[in-house]
Amino acid sequence: MDGFSYNKILFAALTIFFTINYGLILQGIIGKIYARVGRRIGIRLFQPYFNIIRQWATRSAISHGVMYYLGPVFRFTGGAGILIFTPLILDAPLFNSFTYAGDVVLVSYFIFLGTLGMALGGGEAGHPYSAIAVTRGLAQTAAFEISLMLAIYSIAVQYNTISITEIIRAQQGGVLNWTLFTNPIATAAAMLAFLGSMMRSPFDVVLAPQEIPVGPPTEYQSQFLAMLMTNRTIFPVAKTVLYVNLFFGGVALYDSYLLTFVVFFLKTFFVYLWSVFVGVSFPRFRVDQSIRFFIKWPLLIGVIAVVAANIRY
Amino acid sequence: MAKMNYKKRWADLEKRIVVSPEGEEFEVDPMQDYFCDAKPRVHPPNKIAPLEKFANWCRAESIYILGFGTGCGAIEMRPLSSAMYDAYRFGVNWRATPRQATVFVIGGYASVKTMKRIVRSYEQMQGPKFVLGLCSCTINGGMYWDSYNTVNRLDHYIPVDVYITGCMPRPEALLDAIDQLKKRIKSGRAEGQNKYAENFEWYKANQKKIIKNWDMPDYSW
Amino acid sequence: MVDPIYLIVIALATAFALGLFRKAPSLLPYGLTLAALAVMTVISGSWAYGILSGSLEGTDIFTAGFTPPVSINLYMGSLEAVLLLLVNLTALMTALVLRKEVKDTSVYMLMLLLVFVMGLNGVIMTRDLFNLFVFIEIVSIASAGLIALRSNLEQLGAGFKFVIAGALTSGFMLIGIIFTYYTTGSLNMDVIASQMSPALAATGYTGLFLIFIGMIMELKPFPVNGWGLDTYEASVPAVSALVAAGTTSAMFYAFLKTSYMSGGLFVQAAAVIGGMTFIGMNVLALQQDKSRRLLGYSSIAQIGLAVLAYALVALYRIENGEFIVFALILTHALAKALLFWLAGIVGKDSIHDWGVIKKKMILIAPFAVAVSALLGLPPFPSFFAKWDLVMGLAARGGMVWIILILSGSLLEAVYLMRWFGNAFKDSFNEEDTLDWRFGTVLPVFFNMTVLLALGYLSASQSSFSMGFNWILLGAVAVLMVLDFLPGIIKNLLLMGAIGYYGYGFVMAAESYRSVFAWIFALGALITLLPGFGVKGKRMGFYPSAALMFAGLIGLIEAVDFMGFFLSWEIMTLGSYFLILRGKDSKPHALSYMLFSLGGAYLLMTGFAMTYAGTGSIALGALVKAAIIPHSGIIFALLAVGFMTKMASAGLHIWLPGAHAEAETDVSPMVSGILLKAGVFGLLMTAISMGEQSIGPVSLPYVLSWVAVITALVANYMAAMQEDAKRLLAYSSIGQMGYALFGISLMSHLGWLSALVISIVHFIYKVTLFLAIGSVAKRTGTRNMYQMGGLITKMPFTFFSVLICIIALSGIPPLAGFSGKWIVYNAVLEKRWMLQGAVAGAAGIIAFLYLFRLIFAIFLGQLKDNHRKVKEAPFFLILPQALLLGLVMFFSFLPGSLLRPVGEILEEFTTAGALEWQGNMAISDYGYWNGVAVMWVFMALFAVFFLILTINGRRAQWIKQFNIVFAAERPARPETTHFSYNFFAPVRKALGFLEYPFTTNFWNRVSDFLHAVAGFCRRIYTGNGQTYLLQMVIFVVLSYMLTKGGF
Amino acid sequence: MEQIIENIKKQFTLSDVTTAHGTYITCEKKDTVSLLTYLKDVEGFKHLVLITAVDWIEDNKFQLTYLLNSPKLKTELGVRTFIERSVWPEESEMQSAHHLWPAAKTYQRELHEMFGIDFPGSPEINDPLILEWWDDIPPYRRDFDTKKYSEETYYPREGRSTNDPSDYMKDQLYPREGEKNA
Amino acid sequence: MTGTIALITGILLVLIGLWGILTNRDIIRMIVGFSLFDVGIHIIMLSIGYVAGGTAPIIENLSDIGKSYVDPVPQALVLTAIVIGLGITAFMLTYAVNMYEKKGTLEIDKFEELKW
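Protein chains in written order, with this note's numbering: chain A, 176 to 488; chain B, 12 to 232; chain C, 57 to 1102; chain D, 1047 to 1228; chain E, 0 to 115.
Hints in this document: simulated from the structure, not taken from any laboratory. Among the hints, erroneous ones may be present.
Claimed, not checked - Label-pair ranges, simulated between beta-carbon atoms:
1. Leu85(E) <-> Thr505(C): 40 to 46 Å
2. Glu1197(D) <-> Glu1030(C): 17 to 23 Å
3. Phe1048(C) <-> Lys124(B): 44 to 50 Å
4. Asp187(B) <-> Glu1198(D): 57 to 63 Å
5. Ala49(B) <-> Leu1096(D): 45 to 51 Å
6. Lys1099(C) <-> Ile27(E): 32 to 38 Å
7. Ile27(E) <-> Val1092(C): 24 to 30 Å
8. Trp225(B) <-> Asp1210(D): 27 to 33 Å
9. Gln1012(C) <-> Glu33(B): 29 to 35 Å
10. Lys124(B) <-> Ile200(A): 42 to 48 Å
11. Trp574(C) <-> Ile200(A): 53 to 59 Å
As the list claims (entries may be wrong) - The calculated SDA-like cross-link candidates involving lysine to any residue, where the alpha carbons are at most 25 Å apart (straight line), are:
12. Lys1107(D) <-> Thr1065(D)
13. Lys124(B) <-> Thr1152(D)
14. Lys886(C) <-> Gly751(C)
15. Lys639(C) <-> Leu650(C)
16. Lys18(B) <-> Lys1151(D)
17. Lys197(B) <-> Pro56(B)
18. Lys1044(C) <-> Met374(A)
19. Lys26(B) <-> Trp1013(C)
20. Lys50(B) <-> Arg1010(C)
21. Lys220(B) <-> Arg1203(D)
22. Lys346(C) <-> Arg1010(C)
23. Lys50(B) <-> Trp225(B)
24. Lys207(A) <-> Phe221(A)
25. Lys219(B) <-> Asp1173(D)
26. Lys926(C) <-> Val39(B)
27. Lys219(B) <-> Glu1197(D)
28. Lys1015(C) <-> Arg106(B)
29. Lys207(A) <-> Gln464(A)
30. Lys1193(D) <-> Arg106(B)
31. Lys1151(D) <-> Thr1111(D)
32. Lys1015(C) <-> Trp231(A)
Ideal Cβ positions, reconstructed from N, Cα and C, are used throughout, including at glycine.
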């Protein structure tokens, strides 16, 4: 909880840079995993780098209007904001640049800035597919967010704080101190919500690549798409880090930097893998089906988590 | 006498009189008001050669194909994404919208009607964009060489980077063509977009010759 | 001073003198009659003035030089004088109105009129029982003659029924008089009253009872009053006016005299009959659509109320009883005469044809005054009377009667307000004419003036001191008088008045009041700005707005319940007139008024119970009320009352229509500002009374669930609307749900959130309503799917909507987030996580409708006919710009808002209060640095924008149809704009939320009442004989019930 | 099937019945629609498979074939009729059968566009179906020279030899007649 | 005794009158019923003031003082009541005539133009 100092700007930039690279590699790995499940060889590990550089290097571009132009900016601001408001690694100054600005409530609401930017940008493009996809996305978000909120309430009561740093700190000192083990019900509710937020199968009808081409950004191209792609590399990482922080003990700063990064990598990777695991195994839900799913089981688990936390703590 | 109403136009594209909420009447011309009618521009390569070379390398290694089946050859493209051929390992990916694709695979014969859509989709693609002509039909009309309704040579209408012969060519041929395209891109010769912009009038005249009811702006942005 | 006996003499002599004239009418007899009536008016007026000013005393007038019991004597006291003045004035006015009838009929009519007035004078003055009977008979014969003035079939039938019913009644009375004489040996009421003892009452019971029931039947009790209704309906409106105002007042006074004579023997019976009449007639009137018969129902109901009030005053020994009863009866007489005269002017019987009244817009004013006076709305005497009555009843344990009186009043509001709404909104046939003459119009406005003046006078007569600032109402009156000026000048005047008064007012307001004072004063100024853009006079708008703002200011300034309640009602009235101005707002304004009145009556009951429990009507008494018995019920009553204004779930159905249909600049007033009155009241209750419970049920806990369900369902409903303003209206309901949730948390942070939400909701809802209103104005539609792509045409409006939806949804860099963050902390502190989660879900559903709002209107495809739409007019943009500045200020410096408000609340509770370290707010659970978030956001945004601009500077700007559409191109904007049934998948999954539970419930209540009315009113078969039978049965039953057997 | 043909023959004059590759009956132009109605309503040929035409340029006739299917009998029946072949830009005429099968509308539009056979009364019959703004002889008429058209319009690449399609087809199909002519 | 008889007669007349009013649909008969009702009331009034063996309440000379005489007030009242009753009956008859002229009938249940 420090105040502002100028080196934090540098730290924040480095955080974003680090996460972009990490996100790209993660994308490569996930793509590879998807391919192996389909018995293919799959993309090269560095394929996402090619894609993103190619996209930034596009020569021509078109713009549908002011909001269309600003949409990706909003989107990226939202993604980068979450990243620098969330502690990536506990007590590491480099990865805690602006965590003093707010707690988990700030982060969970800041997510919507990106959503809004995307929705507005896609909307101004005037393409009906964008609007259809946005309605789907918002509807699904509204459905899964409630169980996430219940889970956050549950652990907030458990740890008596909503500061992410404090929550991580409370989980230190052994694997069994993780929320996963101290409050498994809340973790279950949150991890189901996580599936929805990652927009992977069975909840990927928002993007619906062939039916309403790639969802909200259907009209996006060139640098605009490049910015969105960059955001897409950091956004899942930011979300995953948030879940790791809240439910899997976060990442503490070990004596060895290497160990710290290995732990960071493993935790985020395996949390991410959970959505991939589900994604490759299940077919797609319709939107109304996924809403019904989310307001049934995850909600029930979330309510149990809150009630249990209320009784116990 | 022939009763056929051959020159019928789509009513939604005609000029129309509308009444504003204040009751004022004015004319809306969809072709003028709803479509951008700017001409395409030439986008020269980056003057810093190494940067351009690097960008070309990335462009070559990241090929986003427009998933748009224009003819019977399109069926040969599908196996590429299967485990058998797995084009993904060469950096190939499919996008469902021209806005985000870089390579347009013309899958076989192009009838006049299809040609109209091909032109439109091609113009809607961004960036350095590349065209693969699949099958003989794109080269000389193939078995439709004397058809009243199928174009004979594609490169009169849009610039083509690589042709693939055969009727049908196998997926391996397509993979090979992609390889050829990569080489072409890396060597900086695949400037089809600029060629199109430079020779825009010529291409347009050719297109308009066969597409008689030209009911769209000259360049579909 | 002129001897009052001359009242009778003059009338009689003139009547006889008229006999000398030819039958054919001429101006002379008419002039003579007018002169006689005028002289009588002057005589009674001078007496009234004399007695009320104290220069005269009540005197007995003895006829034939003897004293009672030998002679007949009359009495002239203060009450008599006032009633005489009322009767004679009404008669004079009626004579004026009847000018045309005089030409059509004969001179006999004038004679009848004079005899009638003479009879009424006698009824009022006489103290002799038999003399009373004689005068009653004279009145009844004369009125039977007047009723059949036009001798058409309806009048004849009604008149005959009237005559036979009167004969039967007088027969009973006569028997009663003679029995009484037999037991008491006197006919003088004062003498009998002085002799009255339980023993005498027992022996003379039958006689006294017959007199009582006879007088009651003259007052037409429910259900034996079919003949009375027929009379009101059939006769010439002017005559009905005289009957309603004169006869009923005189008869009621006679009833009082006889009741006084019998020593209050039948008070309980009177209470039951009065109550029954009040409720019964008001229920039955629901199905009535003939205006004059409706007035008849209303008259009888009002008299029932007066009887009830008298009986209750006597039963419970309520202070200031004379004022209560006479305020009711005077208000009724004046208002009812006014309405009957108005009916004469309009000349239409069905209430659906009254739209023609709009040919002379000015007639709306007396109509509104009369209806409000009848309903007991301030500032009319009946309001103070009802208030005193209810307070007195509560203090002495008459809760049942309070419920009865208030529910009856609510029922009355249903049909009167419906009628008023019809008249104000219905279209009319241009060929219809009004009977617009000096003689017809003068009385109407005269009575209106008298009512207003009496209202002012009666405020001081109420037994409760009243902390209401009359200056405010004076301003309203001035605006009403100046209504002929152009709108812009009136707007300047009103804004000047509010600015001038508001400055001192805001500075004077303390504690949390100051927050609301700021909202009300600032809101008034800002929402009045758009008025400059409206051309023309805008008749009626500025007085109504002034009335509403006067009420709002009065709320803040009120120090006691009465001032608070009065302001509350004034505010309701003003906002009702404002809402009614909307295009299709008729049904919505009605339901708004009814719900508001219902809520207000609950408040009144709650206040009354507080007064009963603490003996004080100061607002501070609420603090004491926290520990008295029934404090839970008081809390519940007040809470539900205020929640009606906040439109919580179950009580919300008035809001969407009312807010959506209102005019462009009225919607922000009623939505952005008016709703805060409910928040203010509830916050006051919560802060004063603390946590209350009924039995084991904790009320704040119940409130919290109501609040979050309100928020959830309202937000869902908002997402499902096609109408942009309805969407905003539902959004208001949802936001008020959050505020209610904050209040129900009963903690520092909870209240802080409620206040913050009130403030920011005021800002962005005013802006949004102005923005959307201007879009609706420019595009000529409110359906969102008919708009689209307006961002290029109305860029500023788009920008303000964008900022507002970001603020409203609580996305961090803007001000709305502070409310959300505080709610989170407050929820954790209270551990109401389930409610918190529902509220959170509601917040996310809010995204759905907010995105829909901005997308469907401003993004997507621009429609053909909107290609030449212009940006909103300057005076709609100016207030938006001011408010946006405020939003941005609060967003950059959240502490500037949170700190002072938090300090205000620390006065009440400090537990869990925010701690401030520089710009960082620290709660028990988390922390938040709004300034840092804002700067981070701006820095990131700037950097990324720069990157994008450097990279994409060559972008080609293209037009709306340049989209990728599966190699085709879109056909038309209408078919390409995806907006109709926008959230179809959500509806598929969560459609059950849309089931109109509340609407159905209230519809069923309404249907049930109307069905009851439709069924029960069949007792009025129209057959005179049946009526007689009913009367006989009524007499017998009453006798048995009062005596408990024969 | 024989029974059906017997039944038909009772009411209609059939000029030819062939069962070589499926059953085809040939009727007169004026009888065609009533025969189709009879087949649909009485004999149960509920399904119209297609309508097609053959250009007998030598006989100056168009042959129309209505291919019907009976789901009950699981069999198909072709009804042929010959109509007068007009010289372009005159159009031939035939009665419309769209009231029997809505699908006939599309086939008739196609025939109108490709052969210049008009079906008065058929919906949208005058609107273009496949070709956009065609301004030549209807392309399926055999007097339309498709190769010439293609060469003039579509920029052929060099290096192909070709024959005139009508002569070529004549040589292939009617070699003796061709010799006679020659 | 005389007074009681008069009282009972009066009450009986009142009841008969009421019965007549309530059971006859003809307006004229109803008016007749009213007359009976009225007369009954008048007799009741007289019987109330009746003093057994009393003389007329006219004091002509001093010797009359102390004699019992009937109460004069009810008699005075009855005179007024009779006048009023007459007036009302006349009024009713006027109505009856008018109603018959307008509608051609005297059945009371035909005059139901106004109801509910």
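To see whether the hints hold, each was checked on the structure:
As the Cβ distance of Leu85(E) to Thr505(C) is approximately 45 Å, the hint placing it in 40 to 46 Å holds. Range check, Glu1197(D) to Glu1030(C): Cβ separation about 45 Å, and the 17 to 23 Å hint is violated. Under the hint 44 to 50 Å, the C-beta atoms of Phe1048(C) and Lys124(B), about 48 Å apart, fit the expected range. For the pair Asp187(B) and Glu1198(D), the supplied restraint of 57 to 63 Å is violated, since their beta-carbon distance comes to about 35 Å.
About 47 Å separates the C-beta atoms of Ala49(B) and Leu1096(D), a value consistent with the hinted range of 45 to 51 Å. Taking 32 to 38 Å as the suggested C-beta distance range, the pair Lys1099(C) and Ile27(E) conforms, at roughly 36 Å. As the Cβ distance of Ile27(E) to Val1092(C) is approximately 27 Å, the hint placing it in 24 to 30 Å holds. Distance hint check: the CB atoms of Trp225(B) and Asp1210(D) are about 31 Å apart, consistent with the given range 27 to 33 Å.
The hinted range of 29 to 35 Å is satisfied by Gln1012(C) and Glu33(B), whose Cβ atoms lie roughly 33 Å apart. Separated by about 46 Å at the C-beta atoms, Lys124(B) and Ile200(A) satisfy the suggested range of 42 to 48 Å. The beta-carbon spacing between Trp574(C) and Ile200(A), approximately 54 Å, falls within the hinted interval of 53 to 59 Å. Restraint check for Lys1107(D) and Thr1065(D): satisfied, since their Cα atoms lie roughly 22 Å apart, inside the 25 Å limit.
For the suggested pair Lys124(B) and Thr1152(D), the alpha carbons sit about 18 Å apart, so the restraint of at most 25 Å is met. Proposed proximity of Lys886(C) and Gly751(C) is supported: the alpha carbons are some 21 Å apart, at most 25 Å. Note on Lys639(C) and Leu650(C): the hinted pairing holds, with a Cα-Cα distance of about 19 Å set against a maximum of 25 Å. Proximity of Lys18(B) to Lys1151(D) is assessed by CA-CA distance (about 20 Å); at most 25 Å being required, the pair is judged to hold.
For a cut-off of 25 Å, the pair hint linking Lys197(B) to Pro56(B) stands: about 13 Å separates their Cα positions. Our distance criterion of 25 Å between C-alpha atoms is met by Lys1044(C) and Met374(A), whose separation comes to about 20 Å. Simply put, Lys26(B) and Trp1013(C) have alpha-carbon atoms about 23 Å apart, close enough for the 25 Å limit, and the pair holds. The suggested pairing of Lys50(B) with Arg1010(C) holds, with an alpha-carbon distance near 14 Å, which does not exceed 25 Å.
Of the supplied pair hints, the one linking Lys220(B) and Arg1203(D) holds, its CA atoms being roughly 17 Å apart against a limit of 25 Å. Restraint check: the Cα-Cα separation between Lys346(C) and Arg1010(C) comes to about 74 Å, which exceeds 25 Å; the hinted pair is violated. Pair hint Lys50(B) plus Trp225(B) holds up; C-alpha atoms about 16 Å apart against a cutoff of 25 Å. At most 25 Å may separate the alpha-carbon atoms for a hinted pair to count; Lys207(A) and Phe221(A) meet this at roughly 10 Å.
Between Lys219(B) and Asp1173(D) the CA atoms are separated by roughly 22 Å; this keeps the pair inside 25 Å, and the hint holds. Restraint check: the Cα-Cα separation between Lys926(C) and Val39(B) comes to about 17 Å, which is no more than 25 Å; the hinted pair holds. Taken as a hint, the Lys219(B) and Glu1197(D) pair is honoured in the structure, with Cα atoms around 16 Å apart against an allowance of 25 Å. Distance check on the hinted pair: Lys1015(C) and Arg106(B) sit about 23 Å apart at the alpha-carbon level, within 25 Å; holds.
For the suggested pair Lys207(A) and Gln464(A), the alpha carbons sit about 29 Å apart, so the restraint of at most 25 Å is broken. With a CA separation close to 38 Å, the supplied pair Lys1193(D) and Arg106(B) exceeds the 25 Å bound. For the hint linking Lys1151(D) to Thr1111(D), the alpha-carbon distance of about 15 Å falls within 25 Å, and the restraint holds. Among the hinted pairs, Lys1015(C) with Trp231(A) is consistent with the structure: their alpha-carbon atoms are about 24 Å apart, no more than 25 Å.
Checked against the numbered hints given earlier, the structure breaks hints 2, 4, 22, 29 and 30 and satisfies all the rest.
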